[in-house]
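Listed here are the chains, written in short residue letters.
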Amino acid sequence: PSPKSCSLEGPGANRSLPESEDIVVTTEENITTIMFNRPTKKNALTNEMYQDIMLAMKAASKDNSTITVFTGSGDYYSSGNDLTNFMKISGDLKQVAKESSITLRKFVDSFIDFPKPLVAVVNGPAMGIAATVLGLFDAVYASNRATFHTPFSGLGLTPEGCSSYTFPKIMGRAKATEMLIFGKKITATEACAQGLVTEVFPDDSFQKEVWARLKAYAKNPPNAMRIGKQLIRSTEKENLHAVNAEECRVLQERWVSEECMNGIQNFLSRKAKL
Amino acid sequence: PSPKSCSLEGPGANRSLPESEDIVVTTEENITTIMFNRPTKKNALTNEMYQDIMLAMKAASKDNSTITVFTGSGDYYSSGNDLTNFMKISGDLKQVAKESSITLRKFVDSFIDFPKPLVAVVNGPAMGIAATVLGLFDAVYASNRATFHTPFSGLGLTPEGCSSYTFPKIMGRAKATEMLIFGKKITATEACAQGLVTEVFPDDSFQKEVWARLKAYAKNPPNAMRIGKQLIRSTEKENLHAVNAEECRVLQERWVSEECMNGIQNFLSRKAKL
Amino acid sequence: PSPKSCSLEGPGANRSLPESEDIVVTTEENITTIMFNRPTKKNALTNEMYQDIMLAMKAASKDNSTITVFTGSGDYYSSGNDLTNFMKISGDLKQVAKESSITLRKFVDSFIDFPKPLVAVVNGPAMGIAATVLGLFDAVYASNRATFHTPFSGLGLTPEGCSSYTFPKIMGRAKATEMLIFGKKITATEACAQGLVTEVFPDDSFQKEVWARLKAYAKNPPNAMRIGKQLIRSTEKENLHAVNAEECRVLQERWVSEECMNGIQNFLSRKAKL
Numbered sequence: 001p002s003p004k005s006c007s008l009e010g011p012g013a014n015r016s017l018p019e020s021e022d023i024v025v026t027t028e029e030n031i032t033t034i035m036f037n038r039p040t041k042k043n044a045l046t047n048e049m050y051q052d053i054m055l056a057m058k059a060a061s062k063d064n065s066t067i068t069v070f071t072g073s074g075d076y077y078s079s080g081n082d083l084t085n086f087m088k089i090s091g092d093l094k095q096v097a098k099e100s101s102i103t104l105r106k107f108v109d110s111f112i113d114f115p116k117p118l119v120a121v122v123n124g125p126a127m128g129i130a131a132t133v134l135g136l137f138d139a140v141y142a143s144n145r146a147t148f149h150t151p152f153s154g155l156g157l158t159p160e161g162c163s164s165y166t167f168p169k170i171m172g173r174a175k176a177t178e179m180l181i182f183g184k185k186i187t188a189t190e191a192c193a194q195g196l197v198t199e200v201f202p203d204d205s206f207q208k209e210v211w212a213r214l215k216a217y218a219k220n221p222p223n224a225m226r227i228g229k230q231l232i233r234s235t236e237k238e239n240l241h242a243v244n245a246e247e248c249r250v251l252q253e254r255w256v257s258e259e260c261m262n263g264i265q266n267f268l269s270r271k272a273k274l
Numbered sequence: 275p276s277p278k279s280c281s282l283e284g285p286g287a288n289r290s291l292p293e294s295e296d297i298v299v300t301t302e303e304n305i306t307t308i309m310f311n312r313p314t315k316k317n318a319l320t321n322e323m324y325q326d327i328m329l330a331m332k333a334a335s336k337d338n339s340t341i342t343v344f345t346g347s348g349d350y351y352s353s354g355n356d357l358t359n360f361m362k363i364s365g366d367l368k369q370v371a372k373e374s375s376i377t378l379r380k381f382v383d384s385f386i387d388f389p390k391p392l393v394a395v396v397n398g399p400a401m402g403i404a405a406t407v408l409g410l411f412d413a414v415y416a417s418n419r420a421t422f423h424t425p426f427s428g429l430g431l432t433p434e435g436c437s438s439y440t441f442p443k444i445m446g447r448a449k450a451t452e453m454l455i456f457g458k459k460i461t462a463t464e465a466c467a468q469g470l471v472t473e474v475f476p477d478d479s480f481q482k483e484v485w486a487r488l489k490a491y492a493k494n495p496p497n498a499m500r501i502g503k504q505l506i507r508s509t510e511k512e513n514l515h516a517v518n519a520e521e522c523r524v525l526q527e528r529w530v531s532e533e534c535m536n537g538i539q540n541f542l543s544r545k546a547k548l
Numbered sequence: 549p550s551p552k553s554c555s556l557e558g559p560g561a562n563r564s565l566p567e568s569e570d571i572v573v574t575t576e577e578n579i580t581t582i583m584f585n586r587p588t589k590k591n592a593l594t595n596e597m598y599q600d601i602m603l604a605m606k607a608a609s610k611d612n613s614t615i616t617v618f619t620g621s622g623d624y625y626s627s628g629n630d631l632t633n634f635m636k637i638s639g640d641l642k643q644v645a646k647e648s649s650i651t652l653r654k655f656v657d658s659f660i661d662f663p664k665p666l667v668a669v670v671n672g673p674a675m676g677i678a679a680t681v682l683g684l685f686d687a688v689y690a691s692n693r694a695t696f697h698t699p700f701s702g703l704g705l706t707p708e709g710c711s712s713y714t715f716p717k718i719m720g721r722a723k724a725t726e727m728l729i730f731g732k733k734i735t736a737t738e739a740c741a742q743g744l745v746t747e748v749f750p751d752d753s754f755q756k757e758v759w760a761r762l763k764a765y766a767k768n769p770p771n772a773m774r775i776g777k778q779l780i781r782s783t784e785k786e787n788l789h790a791v792n793a794e795e796c797r798v799l800q801e802r803w804v805s806e807e808c809m810n811g812i813q814n815f816l817s818r819k820a821k822l
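Residue numbers (this note's numbering), protein chains in the order written: chain A, 1 to 274; chain B, 275 to 548; chain C, 549 to 822.
FYI, nobody ran anything at the bench for these hints, they're computed from the structure. Check before you lean on any hint, since a few could be wrong.
As the list claims (entries may be wrong) - Derived Cβ-Cβ restraints for the label pairs, each shown as a range:
no.	chain 1	residue 1	chain 2	residue 2	range
1	C	577	B	418	21 to 27 Å
2	A	85	C	764	40 to 46 Å
3	C	623	B	489	47 to 53 Å
4	A	102	C	588	55 to 61 Å
5	A	29	B	373	37 to 43 Å
6	B	486	A	29	38 to 44 Å
7	A	234	B	336	55 to 61 Å
8	C	612	A	29	55 to 61 Å
Each residue gets a CB set at the ideal place from its N, CA and C atoms; glycine is no exception.
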């Protein structure tokens, strides 16, 4: 069963962002769920989706829920930034890179600053920004179908989502570099052994087991969980904001580099041939 | 064999805190051992035991031993703070919370500042503060009977013992949050895979194997070990003191919260029904 | 096949340090390889080799290669500092300790500051400084014949190569102390589980598999890899330099201590008896 049928549209579901289509937000049993819902495009993130996610997180931080969950609709969790975003660019490339950098920074800041326990239910492959920000989540449950892939270098790009700090911290530099710089894709089991993932479940029982567990967790006293989460975050919050700012500054330069132009061109032409 | 029969009361044992009953301190073959000795109460820590442990650590830091070991008598390592401590409170609750916060901070500081290699021999379940301070130990050997459990949120409480910093550093945030915020109990094998535990031994041979190893280690040049340990600690000592202060400040508020009152009431009434 | 026959002296190889004998440097297919080449002495590092490695790294940081690799010739990766270096000392011991401390600090700084992805191909046992600086590498591939051993305390010494910071960060303090303070030797498989090693390969296919992978990685856009690596390093570079300075300051005192004199004496006399 998809997470949708399983928990997002039950009778008690209470939509808080009804006008959005590619992002679906529901609240049930103390859990607010933000779902990537663009399954025909592997839940790739459009510019509008970045904005909608930030709005949804702002709302979730203030609603009555105790835990906030991200998940994906269909086979993918999310394939990350939709590279065709770059095709839609008109006007000055440098200006667009600057604006993209500002958006990315705000987007990642909203994960750094999120005040309640934040959980990812990774139903399938997670790529790019959808994979890197997992280092900012409080817990990450993965189906054994999930993979984690950050092929930045091949596109002439560099790590974001604070992964240049969180991944080495979580998994050690020897594993982090192979993912972030050499672009190696890892399985859910590997990601769990390396600490990026909390626990892996067989895909058959994934939705059932994870949601049962989350519903039990969501019954804990909300203030204790919220304050406890913020206590953990407080020891590195300032650091994370500095890392995010630096990553976005570097990417702004990368986006207008020849390596990046060539990398994205190659990616899109390979894709067009399929 | 219990650690007591195995090593703590041999002919060469030299008691340094004879007046204490719930904490037993012995020194043998360069190793000072501090044993939780309240087995009928799962080695839960009374207010007096906190004080005695601090005194024992102060003495151990100055004696001729090269390594200091914590262990438990009986089936448990320690079930952590004795919650009936809270029942004995008379007078102003806010004042008691303030004093408890000061005691806790001093107690954890004594682990942060301990100058010699500090080893835990975890003979059984470790809970609460007995589990969290393990992140401040230099090595942790566990019987396969040991478990690690920090059910703070259910009691309306938040992490202490620097665990809000050490656990995410050691095991990554995805695993640390499940323990510290969602209250998941983990096995010795899991704790070892996640880096909290150095090595797990079958309970049958646990005492024999661990003490043989520790006695060999204790023969290393003492200054090299002491200075090496302090070198490792120095890179984060200031940070740990700040974390400890913040955790205690937050707990002082938590202890007078409604969530905590209800949580402890529920715990004690469940226990009374057993 | 040794790494030499496999990739270092192919027809396209381009030596950049021809006068060196114990360190061999070659560049092929975008990869500069720095090989420890004193196999009859387990690739133990002489004073000249420290200097040659620093020169080789300086050259590699500026050449056209995209990745720099360290490896060893023969059965060992490297047994670390050649302790007979200490036998060659004439003149004031304190002065020699001071100069050794300055050399060590510069040597480790060259790893901290190296600007491109730095990879270790660990063909056999790695000891002492050869093991500790692995915590500063971006990726570490190991043969299942490799072991990792830092027996500092037994020699009256303390950790270097930033390992007092990197090892606890990578593997957690409980595992790091057993290696760095208690001198426990670990296998390649253990080092991989603990995050020090990226991946372990059967010795039979080690050279073939690792070099194929590295040649593929080396084709990635060079600026993206270089800038990405520096981004990861930037979050802790200042910290690493401070750790290195402190480790060298402490070692300078250790080298003239009685514990160290005795430790090295014992080591050399045990060795002489073999």
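Results of checking the hints against the structure:
{"no.": "1", "hint": "C:577 <-> B:418: 21 to 27 Å", "in the structure": "violated (49 Å)"}
{"no.": "2", "hint": "A:85 <-> C:764: 40 to 46 Å", "in the structure": "violated (28 Å)"}
{"no.": "3", "hint": "C:623 <-> B:489: 47 to 53 Å", "in the structure": "violated (33 Å)"}
{"no.": "4", "hint": "A:102 <-> C:588: 55 to 61 Å", "in the structure": "holds (60 Å)"}
{"no.": "5", "hint": "A:29 <-> B:373: 37 to 43 Å", "in the structure": "holds (39 Å)"}
{"no.": "6", "hint": "B:486 <-> A:29: 38 to 44 Å", "in the structure": "violated (52 Å)"}
{"no.": "7", "hint": "A:234 <-> B:336: 55 to 61 Å", "in the structure": "violated (35 Å)"}
{"no.": "8", "hint": "C:612 <-> A:29: 55 to 61 Å", "in the structure": "holds (59 Å)"}
Checked against the numbered hints above, the structure breaks hints 1, 2, 3, 6 and 7 and satisfies the rest.
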